[in-house]
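Participant: Given next are the chains, with one letter for each unit.
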Amino acid sequence: MNILLVEDEVRVADFIRRGLAADGWSVDHVSTGEDALEQATSNGYDVILLDLMLPGIQGKDVCRKLRARSTKTPILMLTALDSPEEKVEGLKVGADDYLPKPFDFDELVARIEALHRRATGYAADATETHLTSGALSFDRASLQVQVHGTEVQLSKKERDLLLLFMTNSGRVLSRERILNAVWGLNEDPLTNVVDVYVGRLRRKIGSEGKRIVTLRNVGYRMN
Amino acid sequence: MVAARTSELQQLIRRLERGEENRKQLMADISHELRTPLAIILGEADVTLRTGGTLGDDVSDSLARIRDSAKHTNQIVDDMLTVARYEAGQLRLDRKQTDLRKVIHDAVAMFPGPVQIACPDAPAPALIDEVRLRQSVLALLQNARRYGGPTISVILDDRTDAQVITVEDDGPGLSAAEKSQAFDRFFRGSNASGQGSEGSGLGLPVVKSIVEAHAGSVALQDRAEGGLQVVLTLPKVPRVKIVADIDGRKTA
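Protein chains in written order, with our numbering: chain U, 1 to 223; chain F, 224 to 475.
No lab work stands behind these hints, which were simulated from the structure alone. Using N, Cα and C, we set each Cβ at its ideal position, and we do this for glycine too. Just so you know, not all the hints are guaranteed correct.
[Said to hold, decoys possible] If you anchor each label on the Cβ, the simulated ranges turn out as follows:
(1) F:A311 / U:V10: 27 to 35 Å
(2) F:I340 / U:K210: 28 to 36 Å
(3) U:R67 / F:D344: 46 to 54 Å
(4) U:L215 / F:E310: 41 to 49 Å
(5) U:H130 / F:D281: 41 to 49 Å
(6) F:S285 / U:V213: 45 to 53 Å
(7) F:E244 / U:R18: 40 to 48 Å
(8) F:E244 / U:R67: 47 to 55 Å
(9) F:K325 / U:V196: 15 to 23 Å
[What the hints assert, rightly or not] 27 Å max Cα-Cα, derived DSS-like pairs, lysine-lysine:
(10) F:K459 / F:K325
(11) F:K294 / U:K87
(12) F:K319 / F:K402
(13) F:K431 / F:K459
(14) F:K319 / U:K92
(15) F:K431 / U:K87
(16) F:K325 / U:K156
(17) U:K87 / F:K402
(18) F:K325 / U:K157
(19) U:K65 / U:K87
(20) F:K319 / U:K157
(21) F:K459 / F:K294
(22) U:K157 / F:K459
(23) F:K319 / U:K156
(24) U:K156 / U:K92
[Unchecked claim] Some chain U residues flagged as far from chain F (calculated, every beta-carbon gap over 12 Å):
(25) E9
(26) Q58
(27) L91
Here chain F stands alone, though its shape is the one from the complex:
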């Protein structure tokens, strides 16, 4: 009796696991199959814009919108793939020792608006995928600009147990209900209506995937003076034990 039940349960688990695998594979396949038609749409528009010197402004603008929409769609595909890869445990990170201050400064340099930066004077080295993390900080800056307030800050806090990057704005913030849904795919808060044409609805899920792949976490908090804080916490990798070598000098 017990044996029969156990085997039934095992079968059920296997079926569920297979379903999950299929779902992830499907997402990767869809993303991949979309790239060729997108390449054609983008390429046709791009080549015509480059070679058609006599295009009227209307035609030229129309082609540019086609090209830009194809790019935007491709960005969504990229974001979906990042999330799908993370969920399938296949998001590869290219981790190297990097000063987090540099990551923050680089992200801010790519961001067109003013951003206040608060970083410690000392280097904050971390074993991270620089490109992915920079992408995350930039995505948070863009979210702050799109949905938040005009004053945007990035704060780096190098604690003993973790390194914490906070991106905050002085906008309307998010309600508790919105905070709990903000990491869902394609969720948009109430203040996003009508102005989200360039977003993918995948900003926070992508940031979450990248940060969690670094064994870190993402939290949304209210800023005391109003506005939203997005807090990325990267735990410090357990330090290699310090041992004394024969000469009594300390080496890692």
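Looking at chain U on its own, in the form it has when it is part of the complex:
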């Protein structure tokens, strides 16, 4: 995936670029609105990450101008201003999503992927009603979960959690990402609710529970 990063704070740009490069994505970085407009129109990017506070042309104006030139590239706004009015304003000028700083890196990756999926119309995961993974099977229509063909009773949150693991098999999921996906929380409520639920889920799915591994200081992954 090709990403254009528009960010005037070099140290922020630096860790974002390294983090995304580690996921195998290529990142071009510019630090002014003027450069952003030039780059975005001359190169085809999959996603644009746009800081709102820029010297010269402001992020919002960059966004407005890109949309006026009918650039359809998904835009994710990044900003240290997090009031709800800012968010509404950002989406009004044509941004597709909005992430306040500081953010969890996993969350940034998830948002970029979601924007890319939406833009390319690729949503195979969402259309599949029956998921299987190892000895686990999950029926989205009947909400039935089976392990080795035996039905397992799960609560709604446990089901959501299992579904998240099954659709992200082999990928690391941070606690924040899980919290956001299952509980709809953007902020950390300083609880260990994720660990508690992962523990419960592991016990309920028996031998398959071992496939959910804890990665020290990072999160969980279903192998």
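Could you slot chain F onto chain U? The hints should help.
Facilitator: Relative to the frame of chain U, chain F by itself:
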């Protein structure tokens, strides 16, 4: 003479008002200026943890502590902003008709420990900001766990004039002096010493700001059997007068 005095007083009031405005602006500016360095600290630690597959446990744990402390600091900034916005009259609420029972159940579902819930069987609709109110109930549950006793309950009482949410525990409670200071920023009670590493000292001020923005109030009471009760009172919005329409049916 009187005119001169009046003008002096008016100037003084203006100066005080300006001072207050400046203080609030300063708080918002500080909060905002802190977010970029926090983003860098958090991002650096996070990216290194994600990409450094060969980190030793010591290094990994150290980076995780850096990341978690940056998050904690950010939480304090968020809380300060909430309080500052409320005091400046700028705390915007996204109010929608919501069943308070759902707010309570959602907050409890996010809380890792056991909580007893006492809710009426009938829905308790209220015009509230669901996310903010849920945040408040969760903050009270966390306070109860951190500073209170092991038995925590949430009680919803749907009265004719108001809806009352009470969070109580069976811990040591608070002295009268502590109760009067509990809403001060960064105040911590005597039983908070040494164990408050994850709190912000802004839990109750944030809850107060959110509840008062809903035109409600927060009170601290002793529980009869020992422990603390935190009582959130949300007055019911004056009902639209019931009028009979032409057919004689009653409509709101």
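Participant: Against each hint, give a clear statement of whether it holds in the structure.
Facilitator: For each hint, the structure was consulted:
1. F:A311 / U:V10: 27 to 35 Å: holds, 33 Å
2. F:I340 / U:K210: 28 to 36 Å: holds, 34 Å
3. U:R67 / F:D344: 46 to 54 Å: Given range 46 to 54 Å: holds, Cβ gap about 51 Å.
4. U:L215 / F:E310: 41 to 49 Å: holds, 42 Å
5. U:H130 / F:D281: 41 to 49 Å: Taking Cβ atoms as reference, U:H130 and F:D281 lie about 45 Å apart, which means the hint holds.
6. F:S285 / U:V213: 45 to 53 Å: Violated: the Cβ-Cβ distance is about 22 Å, outside 45 to 53 Å.
7. F:E244 / U:R18: 40 to 48 Å: holds, 42 Å
8. F:E244 / U:R67: 47 to 55 Å: Given range 47 to 55 Å: violated, Cβ gap about 36 Å.
9. F:K325 / U:V196: 15 to 23 Å: holds, 21 Å
10. F:K459 / F:K325: holds, 18 Å
11. F:K294 / U:K87: Given that 27 Å is the threshold and the Cα spacing comes to 21 Å, the pair holds.
12. F:K319 / F:K402: Outside the cut-off at roughly 32 Å; violated.
13. F:K431 / F:K459: holds, 18 Å
14. F:K319 / U:K92: holds, 22 Å
15. F:K431 / U:K87: Given pair F:K431, U:K87 holds - Cα atoms ~25 Å apart, limit 27 Å.
16. F:K325 / U:K156: holds, 15 Å
17. U:K87 / F:K402: violated, 37 Å
18. F:K325 / U:K157: Roughly 15 Å between the alpha carbons, so the hint for F:K325 and U:K157 holds.
19. U:K65 / U:K87: holds, 18 Å
20. F:K319 / U:K157: holds, 24 Å
21. F:K459 / F:K294: violated, 37 Å
22. U:K157 / F:K459: Measuring from Cα to Cα gives roughly 32 Å; hence the hint is violated.
23. F:K319 / U:K156: Cα-Cα ~24 Å, so holds.
24. U:K156 / U:K92: This hinted pair is violated, its Cα atoms lying about 34 Å apart.
25. E9: violated, 6 Å
26. Q58: holds, 16 Å
27. L91: holds, 15 Å
The structure shown violates the earlier hints numbered 6, 8, 12, 17, 21, 22, 24, 25.
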